[in-house]
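Construct the complete structure from the given sequences, taking the supplied hints into account.
Protein chains: 2
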Amino acid sequence: MSKFVLTATDPCSRARAGILSTDHGEVHTPIFMPVGTVGSVKGVYHRDLKEDIGAEIILGNTYHLYLRPGLGILREAGGLHRFENWDRPILTDSGGFQVFSLAPIRKITPEGCHFASHIDGSKHLFTPENNVETQRIIGADIVMALDECCPGDADYRYAEKSLALTQDWLNRYVAAFDTTEPLYGYSQTMFPIIQGCVYPELRKRAVDHAMTLDNPNRGGYAIGGLAVGEPAEKMYEMLDLTCPLLPSGKPRYLMGVGTPENILEAIALGVDMFDCVMPTRNGRNGMLFTWNGIMNMRNRKWADDFSPIDPDGSSFVDRTYSKAYLRHLFVSGEMFAAMIASEHNLSFYLDLVREAGKHIEQGDFVSWKELMVKKLMTRL
Amino acid sequence: MSKFVLTATDPCSRARAGILSTDHGEVHTPIFMPVGTVGSVKGVYHRDLKEDIGAEIILGNTYHLYLRPGLGILREAGGLHRFENWDRPILTDSGGFQVFSLAPIRKITPEGCHFASHIDGSKHLFTPENNVETQRIIGADIVMALDECCPGDADYRYAEKSLALTQDWLNRYVAAFDTTEPLYGYSQTMFPIIQGCVYPELRKRAVDHAMTLDNPNRGGYAIGGLAVGEPAEKMYEMLDLTCPLLPSGKPRYLMGVGTPENILEAIALGVDMFDCVMPTRNGRNGMLFTWNGIMNMRNRKWADDFSPIDPDGSSFVDRTYSKAYLRHLFVSGEMFAAMIASEHNLSFYLDLVREAGKHIEQGDFVSWKELMVKKLMTRL
Numbered sequence: 121m122s123k124f125v126l127t128a129t130d131p132c133s134r135a136r137a138g139i140l141s142t143d144h145g146e147v148h149t150p151i152f153m154p155v156g157t158v159g160s161v162k163g164v165y166h167r168d169l170k171e172d173i174g175a176e177i178i179l180g181n182t183y184h185l186y187l188r189p190g191l192g193i194l195r196e197a198g199g200l201h202r203f204e205n206w207d208r209p210i211l212t213d214s215g216g217f218q219v220f221s222l223a224p225i226r227k228i229t230p231e232g233c234h235f236a237s238h239i240d241g242s243k244h245l246f247t248p249e250n251n252v253e254t255q256r257i258i259g260a261d262i263v264m265a266l267d268e269c270c271p272g273d274a275d276y277r278y279a280e281k282s283l284a285l286t287q288d289w290l291n292r293y294v295a296a297f298d299t300t301e302p303l304y305g306y307s308q309t310m311f312p313i314i315q316g317c318v319y320p321e322l323r324k325r326a327v328d329h330a331m332t333l334d335n336p337n338r339g340g341y342a343i344g345g346l347a348v349g350e351p352a353e354k355m356y357e358m359l360d361l362t363c364p365l366l367p368s369g370k371p372r373y374l375m376g377v378g379t380p381e382n383i384l385e386a387i388a389l390g391v392d393m394f395d396c397v398m399p400t401r402n403g404r405n406g407m408l409f410t411w412n413g414i415m416n417m418r419n420r421k422w423a424d425d426f427s428p429i430d431p432d433g434s435s436f437v438d439r440t441y442s443k444a445y446l447r448h449l450f451v452s453g454e455m456f457a458a459m460i461a462s463e464h465n466l467s468f469y470l471d472l473v474r475e476a477g478k479h480i481e482q483g484d485f486v487s488w489k490e491l492m493v494k495k496l497m498t499r500l
Numbered sequence: 121m122s123k124f125v126l127t128a129t130d131p132c133s134r135a136r137a138g139i140l141s142t143d144h145g146e147v148h149t150p151i152f153m154p155v156g157t158v159g160s161v162k163g164v165y166h167r168d169l170k171e172d173i174g175a176e177i178i179l180g181n182t183y184h185l186y187l188r189p190g191l192g193i194l195r196e197a198g199g200l201h202r203f204e205n206w207d208r209p210i211l212t213d214s215g216g217f218q219v220f221s222l223a224p225i226r227k228i229t230p231e232g233c234h235f236a237s238h239i240d241g242s243k244h245l246f247t248p249e250n251n252v253e254t255q256r257i258i259g260a261d262i263v264m265a266l267d268e269c270c271p272g273d274a275d276y277r278y279a280e281k282s283l284a285l286t287q288d289w290l291n292r293y294v295a296a297f298d299t300t301e302p303l304y305g306y307s308q309t310m311f312p313i314i315q316g317c318v319y320p321e322l323r324k325r326a327v328d329h330a331m332t333l334d335n336p337n338r339g340g341y342a343i344g345g346l347a348v349g350e351p352a353e354k355m356y357e358m359l360d361l362t363c364p365l366l367p368s369g370k371p372r373y374l375m376g377v378g379t380p381e382n383i384l385e386a387i388a389l390g391v392d393m394f395d396c397v398m399p400t401r402n403g404r405n406g407m408l409f410t411w412n413g414i415m416n417m418r419n420r421k422w423a424d425d426f427s428p429i430d431p432d433g434s435s436f437v438d439r440t441y442s443k444a445y446l447r448h449l450f451v452s453g454e455m456f457a458a459m460i461a462s463e464h465n466l467s468f469y470l471d472l473v474r475e476a477g478k479h480i481e482q483g484d485f486v487s488w489k490e491l492m493v494k495k496l497m498t499r500l
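Residue numbers (the working numbering), protein chains in the order written: chain A, 121 to 500; chain B, 121 to 500.
Derived from the structure by calculation, the hints contain no laboratory data.
We put the CB at the ideal spot given by N, CA and C, even for glycine.
Any given hint might turn out to be false.
[What the hints assert, rightly or not] Residues from chain B that keep clear of chain A, each with C-beta distances beyond 12 Å, as calculated: (1) Cys-132; (2) Gly-145; (3) Met-398; (4) Gly-406; (5) Ser-487.
[Stated by the list, open to error] One side only, chain B facing chain A, incomplete, derived with CB under 7 Å: (6) Glu-196; (7) Phe-203; (8) Tyr-445; (9) Leu-449; (10) Phe-456.
Take a look at the structure:
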C-alpha cells in the first residue's frame with residue numbers, strides 16, 4: 121500500500137509538495153518520471169539515473185514489455201525491478217495508449233482492445249482483467265487502469281462513448297485488482313485514469329465515477345487524454361477543472377506531459393507527477409533544455425563555443441563537456457551525443473521539479489514560475 | 121619527450137612489460153588503446169574509460185578529426201585533449217589508413233595522398249609535411265608517420281614500390297617533425313611505421329631504413345600493414361621477424377590488432393601496444409569477449425539466463441546486468457545494449473593486457489597464454 125503525505129501547499133496556487141511512499145522507497149512530489157520504455161531509459165545507465173540525475177521513480181511501458189521480453193521472462197526474473205536491476209519505484213502504464221499509437225491493427229470492443237504487434241504482427245487482446253494480471257507480473261509499484269485514450273480533437277459524441285467504455289473497463293479493472301495479490305512480496309497500488317477529452321462535463325463525470333470506486337487501493341489518480349493534439353490552453357482548462365475535484369490526499373499524475381513550461385503550469389494547477397519522452401527523444405535529436413531556454417545543438421553557433429554545455433546544470437556532463445564538443449558529436453552522428461543530451465535533459469527535468477518543490481515549500485512558487493516560463497522556452 | 125622503461129621480460133618468450141611516460145601520464149605496457157575515432161570512444165563516457173575500464177591511453181583518428189570538427193576548431197580548443205576533456209595520453213594515426221579505406225576517391229603521388237572526403241566529397245591532400253602540422257594541431261602525445269598501407273595480398277613488386285614511397289614519406293615526415301615544435305606546452309613524440317607487407321626482405325629493409333632515422337624524437341615503432349587480409353600465421357611470422365630487429369628500449373605498437381588471441385600471441389612475439397575497433401564495433405553488434413570465450417548476446421540461449429553478464433568481469437556492467445537483460449536490449453534495438461557491450465568489451469580488453477603484464481612479471485606468461493588462447497576464442 122502506498123502512502124501520500126502533503127508537506128506543503130502554495131498559498132497563491134494549487135501547487136503542492138508531498139511524499140509518496142512505496143515499498144521501493146519515497147518519491148518527493150512534484151516529480152518527473154524518466155520513461156524506461158522496454159526496461160531501459162534510452163541511453164542512460166541506472167547508476168546515473170540514481171546518482172547523477174536523482175531519478176526517484178521511472179516508468180515502464182506495458183505494451184512494450186508485454187511484447188518484449190514478454191511475461192514469461194519477466195515472471196521468471198522476478199519482475200521488472202530485478203530484470204533491469206532498479207531498486208527504486210516503477211510505474212507502468214496499461215499499454216492502451218501504445219496500442220493506439222503503435223499497433224498497425226487495433227479494434228476496440230466492449231471486451232477489450234484487440235491489436236497486432238508492431239514487431240511481428242502477432243495478435244493480442246488486452247482486457248481489464250488480463251491487464252491487471254500483466255501488470256502484476258511486470259510488478260511495478262504503481263499500475264494504471266486500462267483505458268481508451270480519446271484523441272484531443274474528438275467530437276463530443278465520440279468522447280462520451282469513449283468515456284463510457286473507459287468507465288466500464290475501470291469497473292472491471294478495479295474488481296480484478298482488488299481481488300488479486302502482488303507476486304513478489306512488495307505491494308502495488310493502482311491509479312484510475314480520468315478521461316473526458318476537452319469536455320468539462322465529461323471530465324466531471326469521469327471524476328464522479330472514479331470516486332465511487334475510491335478505496336485505499338487507489339494510490340492516486342491519473343489524468344489522461346491531454347497533450348494529445350488539443351491546444352495547451354485547453355489542457356490547462358481541463359486541469360483547472362479536474363484537480364480540485366480529486367481527493368487532496370492522493371497524488372495526481374498528468375500522463376505524457378510535457379515541456380518544462382507545461383510542467384510548471386500543471387504544478388500550479390495541482391498536478392504532482394509527470395512523465396514524458398521529450399527529454400530523451402528530443403535530446404537524441406539535439407535539443408537541450410536549460411534554465412535559460414532551449415538549445416539546438418546542431419546549430420552552427422555552438423561550433424566554437426568552448427564553454428560548458430550548461431554552466432547552471434547539475435549533471436556531470438554539464439561540467440565535463442563543452443557546447444562545441446557536443447555539437448561536433450551530433451554533427452558527426454556519434455551515439456555519444458545522444459547519451460550526453462539524454463543525461464543532461466533528464467537531469468534538468470529532475471532539477472526543475474525539485475526546484476519547483478523548494479519554491480512551493482518557500483511559498484513563492486507562483487512568482488518563481490512566472491519568471492521561469494518566460495525563460496524556459498526561449499530559443500538560445 | 122616520452123620515456124620507456126622495461127620493467128620485466130619473459131624468460132620463455134619475447135614478451136615484455138614496461139612503462140611509457142608522457143606529459144599526460146604513464147602507460148603500462150602491454151597496453152590496449154580504445155579507439156576514439158572522432159574524439160569519442162563510441163558509447164563510453166570518459167569518466168568510465170578512466171574509472172571503470174582503466175584506459176591509460178586512447179586513440180584519435182587524424183582523417184576523421186581533420187574533416188570534423190576540423191583543424192580550426194581543434195586549434196581554438198587547445199588541442200584534442202581539451203576538446204574532448206581527456207587528460208591522459210592520446211595517440212593519433214596519420215590518417216593514411218582511413219584514406220585508403222573510407223575516401224571514395226584517392227590518388228597516391230610522390231607528393232602525398234590526394235583524397236575526397238567521404239562526408240561531402242571535398243578534395244584534400246595529406247603530405248608528410250602537412251600531416252606533421254595536422255598532428256601538431258590535434259596535439260596527441262604520440263603521433264604516427266604518414267605511410268601507405270599496403271594490402272595483405274599485394275604482390276612483391278607492388279609491396280616493394282609501396283615501401284619505397286613510405287620510406288620517402290618517412291624521411292620527409294621526420295625532417296618536418298624534428299624541426300617543428302608542439303603547440304600546447306606539452307611534448308609530442310613520433311613513431312615511424314614499419315611496412316613491407318608479408319615479405320621478410322621488405323620488413324627487414326623497412327626496419328633498416330627506420331633505424332637510420334632513429335633519435336630521441338622517435339618514441340617507439342609501429343608495425344603496420346598487418347591484419348589487413350593476410351592469414352594470422354603470416355602476421356605472427358612478420359612479428360617474429362620484425363620485433364627482434366627493433367630497439368629493445370622503445371615500445372612496439374601493432375596497429376589495428378585484434379582479437380584477444382591475436383593480442384596475446386603478439387605480446388609473446390614482443391609487441392607492447394595495441395588498438396582495435398573490435399571491442400566497440402563487435403560489441404555494438406552483440407558480441408561479448410570474456411575469459412571463457414565469446415558470447416553472441418542475440419542468441420536465444422541467453423533469453424532466460426539471469427546470471428550476471430560476466431561473473432569474472434571487472435566492469436560495473438558485468439555485475440549490474442544479467443545476460444537475459446542484455447539480450448533483451450539487443451533484440452529490442454535499444455542503444456543501451458551497445459553502451460553496455462562496449463563498456464564490457466573495453467573493460468575486458470584492458471583486463472586482458474593488465475593480466476598479461478602480471479604474468480610477464482611473474483615469469484609464467486607463456487604457460488598462461490597457452491591456456492588462455494584455447495579458451496578465449498571458444499563460442500559460448
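These are the hints, each one checked on the structure:
1. In this structure Cys-132 (chain B) is separated from chain A by more than 12 Å, as the shortest Cβ-Cβ distance comes to about 42 Å.
2. In this structure Gly-145 (chain B) is separated from chain A by more than 12 Å, as the shortest Cβ-Cβ distance comes to about 18 Å.
3. With a cut of 12 Å on Cβ distances, Met-398 (chain B) stays outside the contact zone with chain A, its closest approach being about 17 Å.
4. Here Gly-406 (chain B) stays apart from chain A, with its beta-carbon at least about 15 Å from theirs, past the 12 Å limit.
5. For Ser-487 (chain B), the requirement that its beta carbon stay farther than 12 Å from each beta carbon of chain A is met, with the minimum near 38 Å.
6. Nearest Cβ of chain A to the Cβ of Glu-196 (chain B): about 6 Å, under the 7 Å cut. The hint holds.
7. Proximity of Phe-203 (chain B) to chain A holds as hinted, the smallest CB-CB distance being about 6 Å (cut-off 7 Å).
8. Contact between Tyr-445 (chain B) and chain A, as hinted, is supported at the beta carbon level, the nearest pair being about 6 Å apart and thus within 7 Å.
9. Given hint, Leu-449 (chain B) at the interface with chain A, holds; its Cβ is 6 Å from that chain's nearest Cβ, closer than 7 Å.
10. Taking 7 Å as the C-beta cut-off, the interface hint given for Phe-456 (chain B) holds, the closest approach to chain A being about 4 Å.
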